[in-house]
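Asks: In order, the protein sequences belong to chains G and R. Residues 1 to 370 in my numbering are what the first sequence spells out, letter by letter. Residues 371 to 787 in my numbering are what the second sequence spells out, letter by letter.
Warning: the hint list may mix true and false statements.
Label pairs and their calculated CB-CB ranges [claimed, not checked]: (1) 66/G <-> 701/R: 35 to 45 Å; (2) 628/R <-> 128/G: 46 to 56 Å; (3) 29/G <-> 761/R: 27 to 37 Å; (4) 611/R <-> 81/G: 53 to 63 Å; (5) 347/G <-> 701/R: 47 to 57 Å.
Derived from the structure by calculation, the hints contain no laboratory data. Here a beta-carbon is modelled for each residue, glycine too, at the ideal position from N, C-alpha and C.
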Amino acid sequence: MLNLSCPQEQLHVSVQTVSHGVSGRSTQPVQNNIYLESTSSGMRLVATDLEFISLEANIPATVRDQGAVTVPARLLTEVIGSLAGEEISLEADDHSTLRVTTARSSFRIRGMSAADFEMLPPIGDAARLEIPQRDMHSILSRTVFATSRDETRPILTGALFKIASGGIDVVATDTYRLALSNLTVDTTLEDGRSAIISERALNEVLRIIAADSDEPVGMVLSDSQVEFQVGAVKVGSRLIEGQFPNYEKVIPDDCDRSVTVDRAEFTNTLRRMLIVAREDSNRVVLRGSEGTLSITADSQDVGHAEEQIPAKLEGPEPEIAFNARYLLDALGALSHDEIVMQLSQPLSPGILKPADADDYTYVIMPMQIM
Amino acid sequence: MIEWDPNQRIILHVDFDAFFASVEVRRNPDLRGKPIIVGGTSNRGVVSTASYEARKFGVHSAMPIWQARRRCPHGIFLPVDGPAYAEYSARAREILARFSPRMDPASIDEAYLDVTGSIRLFGGLEALLARIKSDIREELGITVSIGCAPNRLVAKMASDWDKPDGLSIVLPEELPERLFGLPVGVIPGVGGVTREKLAQMGVTTIGQLARVPLTLLERHFGKHGTYLHRAAHGRDDGVVPYYEPGDDDRKQISREETLAQDTRDSEVLEQRLLALSEEVARRLRRRGQFARTITLKVKLSNFKLFTRSETLPAPTDLEDDIFAHAREMLAKVRFGAQRARLIGVGVSNLTDEAAANQLSLFAEADDRREELAKARDEVVERFGKGAITRARLVHEPEVHDEDAESDVLDDDPLQRL
Numbered sequence: 001m002l003n004l005s006c007p008q009e010q011l012h013v014s015v016q017t018v019s020h021g022v023s024g025r026s027t028q029p030v031q032n033n034i035y036l037e038s039t040s041s042g043m044r045l046v047a048t049d050l051e052f053i054s055l056e057a058n059i060p061a062t063v064r065d066q067g068a069v070t071v072p073a074r075l076l077t078e079v080i081g082s083l084a085g086e087e088i089s090l091e092a093d094d095h096s097t098l099r100v101t102t103a104r105s106s107f108r109i110r111g112m113s114a115a116d117f118e119m120l121p122p123i124g125d126a127a128r129l130e131i132p133q134r135d136m137h138s139i140l141s142r143t144v145f146a147t148s149r150d151e152t153r154p155i156l157t158g159a160l161f162k163i164a165s166g167g168i169d170v171v172a173t174d175t176y177r178l179a180l181s182n183l184t185v186d187t188t189l190e191d192g193r194s195a196i197i198s199e200r201a202l203n204e205v206l207r208i209i210a211a212d213s214d215e216p217v218g219m220v221l222s223d224s225q226v227e228f229q230v231g232a233v234k235v236g237s238r239l240i241e242g243q244f245p246n247y248e249k250v251i252p253d254d255c256d257r258s259v260t261v262d263r264a265e266f267t268n269t270l271r272r273m274l275i276v277a278r279e280d281s282n283r284v285v286l287r288g289s290e291g292t293l294s295i296t297a298d299s300q301d302v303g304h305a306e307e308q309i310p311a312k313l314e315g316p317e318p319e320i321a322f323n324a325r326y327l328l329d330a331l332g333a334l335s336h337d338e339i340v341m342q343l344s345q346p347l348s349p350g351i352l353k354p355a356d357a358d359d360y361t362y363v364i365m366p367m368q369i370m
Numbered sequence: 371m372i373e374w375d376p377n378q379r380i381i382l383h384v385d386f387d388a389f390f391a392s393v394e395v396r397r398n399p400d401l402r403g404k405p406i407i408v409g410g411t412s413n414r415g416v417v418s419t420a421s422y423e424a425r426k427f428g429v430h431s432a433m434p435i436w437q438a439r440r441r442c443p444h445g446i447f448l449p450v451d452g453p454a455y456a457e458y459s460a461r462a463r464e465i466l467a468r469f470s471p472r473m474d475p476a477s478i479d480e481a482y483l484d485v486t487g488s489i490r491l492f493g494g495l496e497a498l499l500a501r502i503k504s505d506i507r508e509e510l511g512i513t514v515s516i517g518c519a520p521n522r523l524v525a526k527m528a529s530d531w532d533k534p535d536g537l538s539i540v541l542p543e544e545l546p547e548r549l550f551g552l553p554v555g556v557i558p559g560v561g562g563v564t565r566e567k568l569a570q571m572g573v574t575t576i577g578q579l580a581r582v583p584l585t586l587l588e589r590h591f592g593k594h595g596t597y598l599h600r601a602a603h604g605r606d607d608g609v610v611p612y613y614e615p616g617d618d619d620r621k622q623i624s625r626e627e628t629l630a631q632d633t634r635d636s637e638v639l640e641q642r643l644l645a646l647s648e649e650v651a652r653r654l655r656r657r658g659q660f661a662r663t664i665t666l667k668v669k670l671s672n673f674k675l676f677t678r679s680e681t682l683p684a685p686t687d688l689e690d691d692i693f694a695h696a697r698e699m700l701a702k703v704r705f706g707a708q709r710a711r712l713i714g715v716g717v718s719n720l721t722d723e724a725a726a727n728q729l730s731l732f733a734e735a736d737d738r739r740e741e742l743a744k745a746r747d748e749v750v751e752r753f754g755k756g757a758i759t760r761a762r763l764v765h766e767p768e769v770h771d772e773d774a775e776s777d778v779l780d781d782d783p784l785q786r787l
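Looking at chain G on its own, in the form it has when it is part of the complex (with noise of 0.2 Å):
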């Protein structure tokens, strides 16, 4: 029977971090549950949609009693935050009540048998690689956004790892924009390997790992399943089975004009570009002319809105008409000074991407110009 007792903070991160895990949908009661487990050397809280999330932490505490009890997450989560910085003992007994006890409190949880939940099969044969946090949190921010939120079309729901032995390449696309991040790396993989990765496991990884982190983090992969390791933290998901959509095909290779703009300038005009556009589709109008890119955003029913910014231009004055939203979502995603985007005709893809860098590509469809 699951007997123990750890310090307040430690449980509440882990309990918060692993109630992700739990869907809510599912058809199954005890997959709502958080799954806590007392081992030999502590705890061990699982939580797992069975699909595309599966999240398990270990943190130490004091094991009286080995066993295994579930309860719901929500509900696990709000009580143990309400019992800051206190020692928490857990116990359940054999009708899966779990009693949560401090020196002043005390609550009766009742939960599920933990012999009827089940989890993802242990991750099999597989190739390992590890990754500073910070590098993968760049190739991650910067494209998991760009994942489709139609599953009609599942490939598309998640995003495309593509690993050689000299480097990881990301791509996530949803038909109207596409993101491709590189990462130079010693994968010490010998041959290929991809990858269709679920958004929802991926946010979930860039979630707790921190930008500017030299840990590494761990990532497993088998045929059927991966599984990210951030310390004591697991983040595990089926593979999504599938085609990847040609992407290299779409990336366009005749751009005959660029315009270099400062980021945060362009971020600040489009979002009051937004204001009007969203009206719209959030369609902007970007033309380019005389070391000038101008910005207008028309609706018939708001009005109209328009801003000048310095631009280096080359090549023949652009005019193209993008969804402001989806500029702003990459360039939200970069921390670079300057940007280029890279165009043709105003029905053309165009590429975003940092002036001074070659490790991101952002394909864009234009909008028609109204």
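Given chain G, work out where chain R should sit, using these hints.
Replies: Relative to chain G, chain R alone:
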């Protein structure tokens, strides 16, 4: 038995007689035979509808109420009960839709029907016309006047010749001469100004109008002149579109269904949602429109209504898109202890072209989806809805509600006896 030229369409204009007043009489039989004026009880409004009894006193629609009171002091003045009239109108449409899939509810108190393909089903034109009148009279307690002609325009004029409870038939071969004796004012869209202008040209009857050269009419009236010329010759190419409930205006299309049994089983709900999404998408494609906003409607067992809308980055006419978003919204419905008793999906924010639109990186794939959908539509048009369907819709999934069994018993009519 009327012999209709098989190369000509048979179009009906069904006009509900003194509609608002008739509904009031139906709801309160004591009003029968009395002069009823619907339009408000204060003196500031205008008459919406006057019963035929009130018309005898010179009361007509659009007349100020104070004037109607002066002409018909003992009239019964009633306020406008919009929802009640809409309800009767919807029921009348349901009845009319039995007689032809091509039905256009032009306004709250009139509709066009193209019955070319259905007269044989009803044993001939006369039988069909009699049946329309008797069905509406028996089920709704109101009368209609019908104009029957080879096109919408003449049918509309003809329904006015014999009111109330009338029937006027204009055979194809009677056109255009049948119209020639009528004053130009009976042509829909010819009001005081046009009538005045025509009178100055010495034209007061349709016959005279028909003899005015087209070029002259166009010089005086522009585009309207073309219409006048065609109208005078009894010509009109307007078609009666297919009618389906749920799209009474051009701004939205929706389909909903009450489930055979309350459930929260996502298998069942998603299957129904897919079927409804297909119907909505097919309707969009038939109208050549694209939708940007998708709305999910779920009515729970306790009749609480849940609706949620989402707006897409690019408009669509494909069931895949409509279903995908409706399903996402369905996943967010908080059922609590309730189950769903009705589910519906609708689209709005319609555009006539996908062009207002965000282009796609993988346009070829989208084009293929579009082609596939259109090919399916053709099969459905020709062979009916059952001819082609998705594998997912072939079998009704079993209901997995925990207490589904007791539900079945509750709903079993035998149990209630």
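Asks: Look at each hint and say if it fits the structure.
Replies: Okay, the hints, checked on the actual structure:
Between residue 66/G and residue 701/R the Cβ separation comes to about 37 Å, which falls inside the hinted range of 35 to 45 Å. Checking the proposed 46 to 56 Å range against residue 628/R and residue 128/G shows it holds: the Cβ atoms sit about 54 Å from each other. The beta-carbon spacing between residue 29/G and residue 761/R, approximately 30 Å, falls within the hinted interval of 27 to 37 Å. Checked against the hint of 53 to 63 Å, the C-beta distance between residue 611/R and residue 81/G comes to roughly 59 Å, which is consistent with it.
Range check, residue 347/G to residue 701/R: Cβ separation about 35 Å, and the 47 to 57 Å hint is violated.
Comparing the model with each numbered hint stated earlier shows that hint 5 is the single one that does not hold.
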